[in-house]
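A.B. asks: Sequences listed follow chains A and B, in order.
Numbering of the first sequence is given in the numbering used here, commencing with residue 1 and proceeding in unit increments.
Numbering of the second sequence is given in the numbering used here, commencing with residue 1 and proceeding in unit increments.
Quick caveat, the hints were computed from the structure, so don't treat them as lab data.
Glycine included, C-beta positions come from ideal geometry on N, C-alpha and C.
Mixed in with the good hints there might be a few duds.
So these bits of chain B aren't anywhere near chain A, every CB distance computed over 10 angstroms [what the hints assert, rightly or not]:
1) Leu14
2) Asp40
3) Val61
4) Leu76
5) Pro78
6) Ala79
7) Pro88
8) Gly97
9) Leu104
10) Pro195
11) Ala200
12) Val215
13) Ala226
14) Lys282
Here's a subset of chain A near chain B, in silico, CB distances under 10 angstroms, partners left out [claimed, not checked]:
15) Thr36
16) Arg117
17) Gly426
Number of protein chains: 2
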Amino acid sequence: MGVRLVDTADDDSLDIAGVMAPLGADARAAARVLATASTDDKNAALQAMADAIRNASAMLVEANRDDLDAAHERGLSPALIDRLTLTPDRVEAMARGIEEIAALPDPVGRTLAEWTRPNGLDIARVATPLGVIGVIYESRPNVTADAGALCLKAGNAVILRGGSDSWHSSRAIHACLVTGLKAAGLPEAAIQVVPTTDRAAVGYMLAEMADTIDVIVPRGGKSLVARVQAEARVPVFAHLEGICHVYVDGDADLDMARQIVLNAKMRRTGICGAAETLLIDKACARTHLGPIVEDLLEAGCEVRGDAAVQTADPRVVPASEEDWSTEYLDKIISAKIVDGVEGAIAHIETYGSHHTEAIVTNDPQTAEAFLNEIDSAILLWNASTQFADGGEFGMGAEIGIATGKLHARGPVGVEQLTSFKYVVRGTGQTRP
Amino acid sequence: MGVRLVDTADDDSLDIAGVMAPLGADARAAARVLATASTDDKNAALQAMADAIRNASAMLVEANRDDLDAAHERGLSPALIDRLTLTPDRVEAMARGIEEIAALPDPVGRTLAEWTRPNGLDIARVATPLGVIGVIYESRPNVTADAGALCLKAGNAVILRGGSDSWHSSRAIHACLVTGLKAAGLPEAAIQVVPTTDRAAVGYMLAEMADTIDVIVPRGGKSLVARVQAEARVPVFAHLEGICHVYVDGDADLDMARQIVLNAKMRRTGICGAAETLLIDKACARTHLGPIVEDLLEAGCEVRGDAAVQTADPRVVPASEEDWSTEYLDKIISAKIVDGVEGAIAHIETYGSHHTEAIVTNDPQTAEAFLNEIDSAILLWNASTQFADGGEFGMGAEIGIATGKLHARGPVGVEQLTSFKYVVRGTGQTRP
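Construct the complete structure from the given sequences, taking the supplied hints into account.
C.D. replies: Okay, structure coming up:
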């Protein structure tokens, strides 16, 4: 594209508008074509993308090595390096993920509702693409493939802005996606990658592209979320942290509570649906607290407790006020004794992030209070918070978990990447 | 509330944050109560509001006189003064409007979708209130009643910011709404009016209240829309102008076309669904142009045409480039000859505002191209654009017509004023 690629720090001499504005215009033009693209054409492109990724497996692992070398040089943590790493198995999983998206029903053109008015007008609400989606993400290279494929399936053009850590991997994956688009005769600009890692590009997307980007999906940590909140002029699918809670009620079955708490915290600690705070009803603290804390400690989890929880085991360390609003994404959990379900609800309302909360109880009335009164995207009764996932919900792949209340909330899959319009069919009606 | 009321121009000494921040906090607290308020309580409040408005009819007309006096003094146009005027009949209509909202089904708690996963998890998407809604509007006093009632029905707290023209009327109506809230034991802060007409309050709502307002609904003209686009940090239901088109296709029935064009333009010229531009297929210009233009001229409509349209009648005046993107809201229409449905689509894509467009044709294939390819909130086939209205759609009252593509599009009624959450019921499931 003739654009100078800037791979490291910010560079005052870079003409960000000159780089970004054409991406936006090209995306808008591509979106017009995609809006009426057939299901077959979109699926053909997706299959060709999966094929191209499989064929390029060795090349992708090679490109990824450049990212890994740089990551080691910069001293990235083992967890981050693991997220960044591509192996032949992970490349195959990426290709399969695209095929699964191809197999989903086309979300565009669905009739969401239809009714006839007394005057004979037939009114249908019909799903349409959103238009152009901007995705701002961090180190996982597979997001390039997932987000590109999901947006295409929903008839949207997408502008992907990945992190600098995965620069070489993302570019190589993007090349495979473009191969697929070309094979199906769809516009190459349907999936574009921002050709610079300069952070000013993020600011430009957030603030200056309201005419060419319909919605931005931010996927990242605290600093990205803060930046989005401060700078966004383009609509955003809010994605806050996942400070997820498990509340063990006085009427909880102890075995079930032990299994759910352990799974919610420890199955995978790095996902946004992992539990970060354990709340235990004082009514069952005597019987339930000890075994649950013991399970966590035995599994290698640090437990930070209030005074009452500290009495359960000498290995429990004191929790500070900050712990109640911390997303650890690690083998750490904060734990507190609360006064029944209303105590749990009050704690979650104060410290939660409106993501995912679970209650363990055998009392349906207590469960309904928890499910009704808490204003979070996902509320579970007698199930692990780790189910907060588009795949687990049966939506196919997802582009993230939205914690905002507008348009999309919870897992953002292909259906959430659509809008709608009203189509009204008449026989000459005029309004009296 | 002890707040100084500023009734005229902007005032640098006014502590806007001191006025607005408490409104926000009170609204958030009220929203928590409303989120679990029963349908009966909400409807009891609505009925008590309608009663209070009826009982206060003479007082409301009296308060309105103060606004009308000021309006005459400021030399407002007759059209604006008409919008502003309250009569006993209009007060009665306002009360009936609230009763109609009470009669609508409760949109909160609806199960929008429900399914069971292979692992036995039962997943339901359940409608919830949005939270706190900000409504920024201009001179019509009835918006105070409509917006307050709609937001309450959907379980939301609302902060109303009316224009200075309707200051006294809106305050008096608001007092009736508060009477209704009190009668039903609901928090008074469920419906608040910004107690100043200082324009800085609008800026504060748009930019500083992201923590306490979940979405802003702007209802107003160009200057408000421009301000919202420039300043909004709070999510907004975009409401652009209604530059609505009627396209008369070569296969249109002449009589139907004449009736639809005349109705779309002239039934009421001041509403956002009124047609502003007429597009006529060159294939039927010879037969259809003359009678349609004649109808409009005879009805007292000014016709601004391109060169071809000007040949139809000497009374047609030349259209300038600006006319194609002008919302007249008056007895004026721009008119142009286009090359078939694709010409119409291209014109609408260039100059339209994504609001409402109609096609008149007997050819279903041509109609489907128009309905599918144009990205507007409402598309009509053989019906007048004046049907772009929540009541006409059967949604009950509406708070406006959204032209954005996120969350709400088209008429914004009680259902569009809700969000949702996922409620997942299990029997001890953990994620493998």
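A.B. asks: A separate judgement is required for each hint: does it hold in the structure or not?
C.D. replies: Status of the hints after comparison with the structure:
no. : hint   : verdict
1   : Leu14  : 26 angstroms, holds
2   : Asp40  : 16 angstroms, holds
3   : Val61  : 28 angstroms, holds
4   : Leu76  : 28 angstroms, holds
5   : Pro78  : 24 angstroms, holds
6   : Ala79  : 20 angstroms, holds
7   : Pro88  : 24 angstroms, holds
8   : Gly97  : 18 angstroms, holds
9   : Leu104 : 15 angstroms, holds
10  : Pro195 : 27 angstroms, holds
11  : Ala200 : 20 angstroms, holds
12  : Val215 : 6 angstroms, violated
13  : Ala226 : 13 angstroms, holds
14  : Lys282 : 23 angstroms, holds
15  : Thr36  : 6 angstroms, holds
16  : Arg117 : 6 angstroms, holds
17  : Gly426 : 3 angstroms, holds
Violated hint for the displayed structure: number 12, the only one.
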